[in-house]
Structure formats: C-alpha cells, structure tokens
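Residue numbers (the working numbering), protein chains in the order written: chain A, -11 to 275; chain B, 81 to 221.
These are calculated hints, taken from the structure and not from any lab test.
Virtual Cβ for every residue (Gly too), placed ideally from N, Cα, C.
There's no promise every hint is true.
Which bits of chain A does chain B cover? Going by a derived footprint, with three or more residues having C-beta under 8 Å, they are [to be verified]: (1) 28 to 34; (2) 115 to 128; (3) 132 to 141.
DSS-like cross-link-like pairs, simulated, lysine-lysine; straight-line CA separation at most 30 Å [stated by the list, open to error]: (4) B:K127 - A:K132; (5) A:K236 - A:K19; (6) A:K132 - B:K179.
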Amino acid sequence: MAGAKEIRSKIASIKSTQKITAAMEMVAASKMRKAQDRMHASRPYAEKMLQVIRHLAKASPEYRHSFMSAQREVKRVGYIIVSSDRGLCGGLNSNLFRTLLHDIKLQRAEGIESTFCTIGNKALGFFKRFGGTVEAQVAHLGDKPHIEDLIGTVKVMLNAFEKGEIDAIYIAYNEFVNTMTQRPTLRQLVPLQAEDNAPTGPIWDYIYEPDARVVLDNLLQRYIESLVYQAVVENGACEQAARMVAMKAASDNAGGLIDELQLVYNKARQAAITQELSEIVSGAAAV
Amino acid sequence: MPMTVHVDIVSAEGAIHSGLASMVYAPGEMGELGIAARHSPLITRLKPGDVRVETENGEMQHFYVSGGMLEVQPDVVTVLADTAIRAENIDEAKALEAKRRAEDALAGQTAELEYAKAQAELAEAIAQLRAIEKLRKMRSA
Chain A
-11 MAGAKEIRSK
-1 IASIKSTQKI
9 TAAMEMVAAS
19 KMRKAQDRMH
29 ASRPYAEKML
39 QVIRHLAKAS
49 PEYRHSFMSA
59 QREVKRVGYI
69 IVSSDRGLCG
79 GLNSNLFRTL
89 LHDIKLQRAE
99 GIESTFCTIG
109 NKALGFFKRF
119 GGTVEAQVAH
129 LGDKPHIEDL
139 IGTVKVMLNA
149 FEKGEIDAIY
159 IAYNEFVNTM
169 TQRPTLRQLV
179 PLQAEDNAPT
189 GPIWDYIYEP
199 DARVVLDNLL
209 QRYIESLVYQ
219 AVVENGACEQ
229 AARMVAMKAA
239 SDNAGGLIDE
249 LQLVYNKARQ
259 AAITQELSEI
269 VSGAAAV
Chain B
81 MPMTVHVDIV
91 SAEGAIHSGL
101 ASMVYAPGEM
111 GELGIAARHS
121 PLITRLKPGD
131 VRVETENGEM
141 QHFYVSGGML
151 EVQPDVVTVL
161 ADTAIRAENI
171 DEAKALEAKR
181 RAEDALAGQT
191 AELEYAKAQA
201 ELAEAIAQLR
211 AIEKLRKMRS
221 A
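Excised from the complex, chain A in its bound form (with noise of 0.2 Å):
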C-alpha cells in the first residue's frame, strides 16, 4: 500500500525532530543553571550599592542629583526593553510586548509619548514591525553578557532624561520566579522611587574626593547600569528556562504525533497484508 513508506518516512524526520529539541532542551538546562549562577551573583554589587547611595541620601549631601530628585511632570517616557537574541523560547517575547504595549497604550490615553532602547534581536524585530521611535539597541550580547556592551545604551537614555527629552525610564523585563514561570515586569530606573528617605541616627556626611557631584554622577550611573545590568542577567535565565520548557513541550508533541503515526503505519501495512492475502486466495479459488 502507497500509505506506509510515506508514514514510514514522516516517523523518521519526526524523530529527528524530537532528538533536536531534546539535545535544545538539555542545552537550555544547562544554560539555565549557569544563567542563575550569574544572576545570583551581580547582586552583591546593586545590594552594595544600594546601600551607598541610602547612606548618601540620609547623609543629606549638599548636591541633590537629577535622577534622585521627584517626579517632573511627565510627557515623555524612555523604555528600555530587555528581550532574547533568539526564538524558540514559548511565549517569553511576546508576553513582554504585550505587557508593554498595554503600558504604551495607557500612557498615551494620558497624553505621553514613548521612546525605546532595545536589548536583544528580538525587541528590535518586534518595533521594526511595530514603529516607534528606537533611539538606540544593542543585540547578540551572547550567553555571558558583560556591562561593558549595555553601557552605550543606557547613557544614551540617561543623556536623553537630563536633556529633558524623557521624563521618566522604565526597563520591562522578564522576572525570574521559578523555572516554569517567568514574569513580565515593567520597573522605573529613573527618577529613583523614594524610599524612606527619613533621617535614622545622626546625620553625617562623606568625604568626596574630588567633590560630590563627580562621585554622584558616577555613582549613580553606575547603579542604573548595574540594575539595567541585573535584568539582563535574569532575562538571560528566563530565557533559557522558558526554552526549556518549550523544548520540553516540543518533545512530548514529538513523541504523541510518532505513537500515532505508528498506529497508522500498523494499520497500513496490516491492510496491506490482508490485501494481499485476499488477492491469492482469491487468484486461487479462480484456478
């Protein structure tokens, strides 16, 4: 019967399939675990940081920086927007957009335009598609993604906040709750929300070398890339746990569809059998 080697065939590229994404889905755990491993270990440095600058806002310096001041009043926001270099990763990507164009689309009810910066292959595809304004992007930071390469981005969104041009930066990004869930977050950089800015204990005030200003500036740019940083990091982990995931899910499919197909095939070549069988009997009845 014409069926079978066809079936036949369609077995063997399917389970050619499902070895891929079975060899995508060990690869991703592996990435996964490494992907962890760094994000646990950039947090020190925020932690540290964080700490720093508390200290400076309660040592009540005589310099306030812009980025620490309260909100103007907002007509234009930034979006930096930390997505994956590559796909196959479920609904990671577009779960963000979606949370973000529904943030879009409030802030423009409101009156306020956007403006984005783009981490990551697929953001840039996705407002290519979409429009919008980019004003910067950088792309294929790899596994081990360094500071070094988010530095330009950032400064371009940080020059753009104290120019006036934006009034407030958001980053989206996914959040890393567990294996199995990856949570889209969109989070202010700048203006820094307020935290209890009440002076504890005895108000006492650094040692700027060579003045506040220069280490403010510098601190704070830091700690924006450091955060910034962080979320790639994390979205780094999602990703590859969200591909996973995937690549676990394509494997179980892979593997449903073959059990099927080889009911089918079963069922073909037993036809074919009996078909035959009929056909001598018959051809010998007839002698």
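Place chain B on chain A using the hints.
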C-alpha cells in the same frame, strides 16, 4: 587585638573578595589612598590599578581593578569595581555607537569600532602592566 576593617570588593558581574584587613591601599583619583580601621567616611573614584589588602597576619593580597568607586565607613571598606574601561569620552562614544547601531539596524546595515575605545584599552593595558611589575618586585624582594 589589632584593629581591623571589613573589606568587600564587588563587581557587577560577581563578588571578588570579602574579608578582614588591617590596611587597604587603593588608587584613588586624587592619589593613592591608605585606609586603616576607623577611617572617616569617604567616597571617591578609583583609577585603573592595584587594590592591595593587608590582612591581619601581614599578608598582602592584590586585586586589579580597571576603575570603580571606593566607599569607606569606619568599619567597612567597599570597592565597587568596574568590569569595563570607563572614561567620559568612551561612554559618550559608546552611546553614539548604540545610537548608530539602532539607526543601522533599522536601515539594515552593520557598524564598526571607535578610536577612543582603542586609546582607553591601551591606557588600561599600561595600568595592568604596572600592577604586574609591582607584583614582581614584591615577589623578588
């Protein structure tokens, strides 16, 4: 009991060192700094160079930093080390490059590297060499 101060050296990509020290030396922007316990609060930028940590038993540990920030509290010294080479003009160049990348990507072209970056890499290489030389001298002495 000798007076000690807690030292943390962290970079954005991971923690580098954490422990007690009797003295910390760091290449501050305005000159080399030596910090003992109970130093008054200070905050400064670091130049590329060698951060030395003298432990309680007089052992000297060296860490190379390519710049960063130094925060001093009476009982804790924090070095926030940069993992990248920094300078105002390089940051600016990088910003421009990121902008151009966006323009090129939207237009469908590729970008190239900058002169300022090469210059800064050279400055860093020299600082690195100097740190290594210092280490060698220490070893041979």
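Checklist entry - Looking back at the hints listed earlier, which ones does the structure fail to meet? => result Checked against the structure, no hint fails, so every one of them is satisfied.
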